[in-house]
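*Asks:* Chain H is already provided as a structure; the job is to place chain G on it using the hints.
Here the protein sequences come in this chain order: H and G. First residue of the first sequence: 1, per our numbering; consecutive thereafter. First residue of the second sequence: 1, per our numbering; consecutive thereafter.
There could be a bad hint or two in this list.
Label-pair distances were calculated between CB atoms; the ranges are [stated by the list, open to error]:
#1 65/H <-> 42/G: 37 to 43 Å
#2 215/G <-> 117/H: 23 to 29 Å
#3 44/G <-> 28/H: 38 to 44 Å
#4 130/H <-> 50/G: 35 to 41 Å
Examples of chain H residues lying across from chain G (beta carbon under 8 Å, computed) [claimed, not checked]:
#5 118
#6 120
#7 124
#8 126
#9 135
#10 139
#11 140
#12 217
#13 218
In the EDC-like style, the derived pairs of lysine to aspartate or glutamate whose C-alpha atoms are separated by at most 20 Å in a straight line are [unchecked claim]:
#14 118/H <-> 132/G
#15 42/H <-> 89/G
#16 118/H <-> 86/G
#17 211/H <-> 126/G
#18 215/G <-> 189/G
#19 118/H <-> 139/G
#20 116/H <-> 126/G
#21 42/H <-> 104/G
#22 116/H <-> 86/G
#23 118/H <-> 47/H
In case anyone wonders, no lab produced these hints; they're calculated from the structure. We put the CB at the ideal spot given by N, CA and C, even for glycine.
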Amino acid sequence: MNQLAEMLLKGLQETLYMTFSATAFGLAIGLPLGAVLTITSKGHALESPQLNRALGALVNLGRSFPSLILIIVLLPLSRLVVGTTLGPTAALVPLSVEMAPFIARIAENAFKEVDKGKIEAAMAMGTGPWPMITRVLVPEAMPALVRGITLILISTLGLTAIAGSIGAGGLGSLAIRYGYQRFRTDVMFATVALLIVLVTAIQVTGNQVAKHMGRRRHVYE
Amino acid sequence: MPATIPEELSAGLQPAGAIQVQAVPPAPDLPMIQARGLHKTFATPAQQVRALAGVDLEVRKGDIFGIVGFSGSGKSTLLRCINLLERPDAGTVLLAGQEATTLDRRHLGLLRRKVGMIFQHFHLFDARTVGENIAFPLEIAKAGRRHIEARVEELAALVGISDKLKAYPGQLSGGQKQRVAIARALANDPIVLLSDEATSALDPETTWSILQLLKDINRQMGLTIAFVTHELDVVRVLCNQVAVLEAGRIAERGEVGEVFRNPRSLAGVRLVEISRGFREGSLFTDGGGI
Chain H
1 MNQLAEMLLK GLQETLYMTF SATAFGLAIG LPLGAVLTIT SKGHALESPQ
51 LNRALGALVN LGRSFPSLIL IIVLLPLSRL VVGTTLGPTA ALVPLSVEMA
101 PFIARIAENA FKEVDKGKIE AAMAMGTGPW PMITRVLVPE AMPALVRGIT
151 LILISTLGLT AIAGSIGAGG LGSLAIRYGY QRFRTDVMFA TVALLIVLVT
201 AIQVTGNQVA KHMGRRRHVY E
Chain G
1 MPATIPEELS AGLQPAGAIQ VQAVPPAPDL PMIQARGLHK TFATPAQQVR
51 ALAGVDLEVR KGDIFGIVGF SGSGKSTLLR CINLLERPDA GTVLLAGQEA
101 TTLDRRHLGL LRRKVGMIFQ HFHLFDARTV GENIAFPLEI AKAGRRHIEA
151 RVEELAALVG ISDKLKAYPG QLSGGQKQRV AIARALANDP IVLLSDEATS
201 ALDPETTWSI LQLLKDINRQ MGLTIAFVTH ELDVVRVLCN QVAVLEAGRI
251 AERGEVGEVF RNPRSLAGVR LVEISRGFRE GSLFTDGGGI
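Isolated chain H (complex conformation) (with noise of 0.2 Å):
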């Protein structure tokens, strides 16, 4: 008993890791790449349709691949970066670039839930594309994103039990190895309950945020 617990303890402290770093690095990539997706669009504020074309296609690609491929495709960047393929520093690097396309998706369609005229508003106040940014859009659009990011936290965590699969460690790597492969109905009982506890708190709390953000404009959705 006490040794499940101390194994439970361990894969959740990984999985949190995991799920949170990866979260932040993937928002460091995709949060920009939603934001130049946005305002390459047409009539705003950096309007080009090639570049617009050329990142819709990349990141769409990012997002072809069946997540375990990309994973395994992605272990030599691992040990370049990392210097390992094995734990779960090592599955940052993959899971990170997996998620990077998504988010910068769900990041474009917090942007485009933005009012077009608040958009063409400030355009007429000659308002550049990074104060168009970092100015109208981020702060328009926070509640959308909030929820956005709440999404993308259960998805990433969602995905490293998929890395646990191949070496990552974490909650999803102990209910295969030892739940499923070693028939261990307590151990998989025990980590998929923590993981909809997981999932609940996280849920809960995006939503709260969310709705704080809406009271303290005085905009009810």
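*Replies:* Just chain G now, with coordinates in the frame of chain H:
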């Protein structure tokens, strides 16, 4: 391309050195807006819509110029072509003598800082307080913090919303929102104010107060205003010049009094008749009149 921007325009443009602004002395009776031969066609999946079919327009300094017409006559497109939110297929636009249609993206941005615009649905930033909304164009023009603070208070006082600076747009009424939008549009001392149906979403009393505010601003600052609307009564109260648009062309133009008393175009006659009919109530009492 070194842009030649008249003094009138360059006064508040920053940074002056960086964009090679060359001051040109303004002509005494300078037209603030000159549009020549504007054409614009929109392609919808079903058909080609010809919004502008060769429009010439001249708005003099200090004018409040009404642009009226029925729905789909191209009046909003015309206004949006003036600051190039809509790029015309053909034709040129000059603002205070500076050709806008040939400017690159960066210089167009600088020029737009000197052209204020207000909208039917206000388009305030929900994430910003009233004060921060008014400060936005000043931030974009890289004004200093001190200057921004002083200017925001000055503008808020001008439009009568000094007590709402910390409020969010979501807490304001329509009339208050439009006042904030006007303050925001005036922040960088524009040479022209463009108004796209700015009173069309407001009730009659609020419309009246906004019109008085615009008139005051026009008188005090000599601000040139181009005002698109479908409400003829608004033009009657506010404007000194009017152009009637029909099917993408200017059907007639002139002094407001002259056009209302003596409309010469078919569209003008119809507009004035309908407006008069409503006023006398005949359209209500007789029913099915139009």
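*Asks:* Run the distance test for residue 118/H versus residue 86/G: straight-line Cα separation, threshold 20 Å.
*Replies:* Given that 20 Å is the threshold and the Cα spacing comes to 15 Å, the pair holds.
*Asks:* Within a Cα-Cα threshold of 20 Å, do residue 116/H and residue 126/G meet the stated pairing?
*Replies:* With a Cα-Cα distance of about 13 Å, the restraint between residue 116/H and residue 126/G holds, given a limit of 20 Å.
*Asks:* Any CB of chain G closer than 8 Å to the CB of residue 124/H?
*Replies:* Constraint on residue 124/H satisfied, holds at 4 Å.
*Asks:* Min Cβ distance, residue 118/H to chain G: is it shorter than 8 Å?
*Replies:* holds, 5 Å
*Asks:* Going by Cβ atoms only, is residue 120/H closer than 8 Å to chain G?
*Replies:* holds, 6 Å
*Asks:* Holds or violated: residue 118/H with residue 132/G, Cα cutoff 20 Å?
*Replies:* holds, 14 Å
*Asks:* Would the hint on residue 139/H be counted as holding, given a Cβ-Cβ threshold of 8 Å to chain G?
*Replies:* holds, 4 Å
*Asks:* Given residue 140/H was flagged as interface, is its beta-carbon under 8 Å from a beta-carbon of chain G?
*Replies:* OK, holds: residue 140/H within 8 Å of chain G, min 5 Å.
*Asks:* Check whether the Cα positions of residue 211/H and residue 126/G lie no farther apart than 20 Å.
*Replies:* OK: residue 211/H and residue 126/G at ~14 Å, within 20 Å.
*Asks:* Could you see if the CB distance from residue 44/G to residue 28/H stays within 38 to 44 Å?
*Replies:* holds, 40 Å
*Asks:* Can the suggested window of 37 to 43 Å be confirmed for the beta-carbon pair residue 65/H and residue 42/G?
*Replies:* holds, 40 Å
*Asks:* Tell me if the interface restraint on residue 135/H is satisfied: Cβ within less than 8 Å of some Cβ in chain G.
*Replies:* Result: holds, 7 Å to nearest chain G Cβ.
In summary, the structure agrees with every hint in the numbered list given earlier.
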